[in-house]
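Make a model of the complete structure from these sequences and hints.
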Amino acid sequence: MSYRWYFVRCQSGREKRIRDNALHRLKIAGVGDIIPQVLVPYELVTDMKRGKKRTVEKKLYPGYLMVQADLDNPDDVHVINARNALRGIDGLRDFLGSRGEPTALSEAEVSSILARMTDSETRPQVTIGMDKGDMVKINSGPFDGFDGVVEDVNAEKGTVRVVVTIFGRPTPVDLKYWEVEAV
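Quick note, the working numbering runs 21 ahead of the 1-based positions in the sequence shown.
Among these hints, one or two may not hold up.
Stated by the list, open to error - Taking lysine-lysine pairs in the DSBU-like style, the calculated list, with each CA pair at most 30 Å apart, reads:
hint, residue 1, residue 2
1, 197, 37
2, 37, 80
3, 158, 197
None of these hints come from the bench; they were simulated from the model.
Structure below.
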């Protein structure tokens, strides 16, 4: 069997529930050997909400699932049953491709997506949610209570450079992104 990866359209916002339903339906239909995996491609993102640091899953492709399947022989009864089982799942549309025929992803695309998913699990992406020129308030450290203007955002390091007025002089201060909040 030669398994390849495909994108399948689904209802946006319900990807996890549809994936769980698809795995259950495929198992009941007895075609788990044709379609062994169904994934929701996501990455972990760390952000700040109401002063709390949290890590959330961000979907890479909202409205799509990745399906690993052996669809090389479209006239095989098992392949037809597997595709019919997928079509019968509520919220699941059809394979991505021309005229309803599935188009497989290249190995480079698949390895890129899977690498992005595993990299985010070991080191989540940081979304700071601030831009240059935004007004912020410092919440911790020696400048607690000061207001300032964002001069630079470094998402890779998770730092924000804020210009604070101290004794009438503008002073740039490098802070961690969780030490400031937008005003």
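Against the structure, the hints:
1. Straight-line distance between C-alpha atoms of residue 197 and residue 37 comes to about 33 Å, which puts the hinted pair past the 30 Å bound.
2. Restraint check: the Cα-Cα separation between residue 37 and residue 80 comes to about 10 Å, which is no more than 30 Å; the hinted pair holds.
3. Restraint check for residue 158 and residue 197: satisfied, since their Cα atoms lie roughly 13 Å apart, inside the 30 Å limit.
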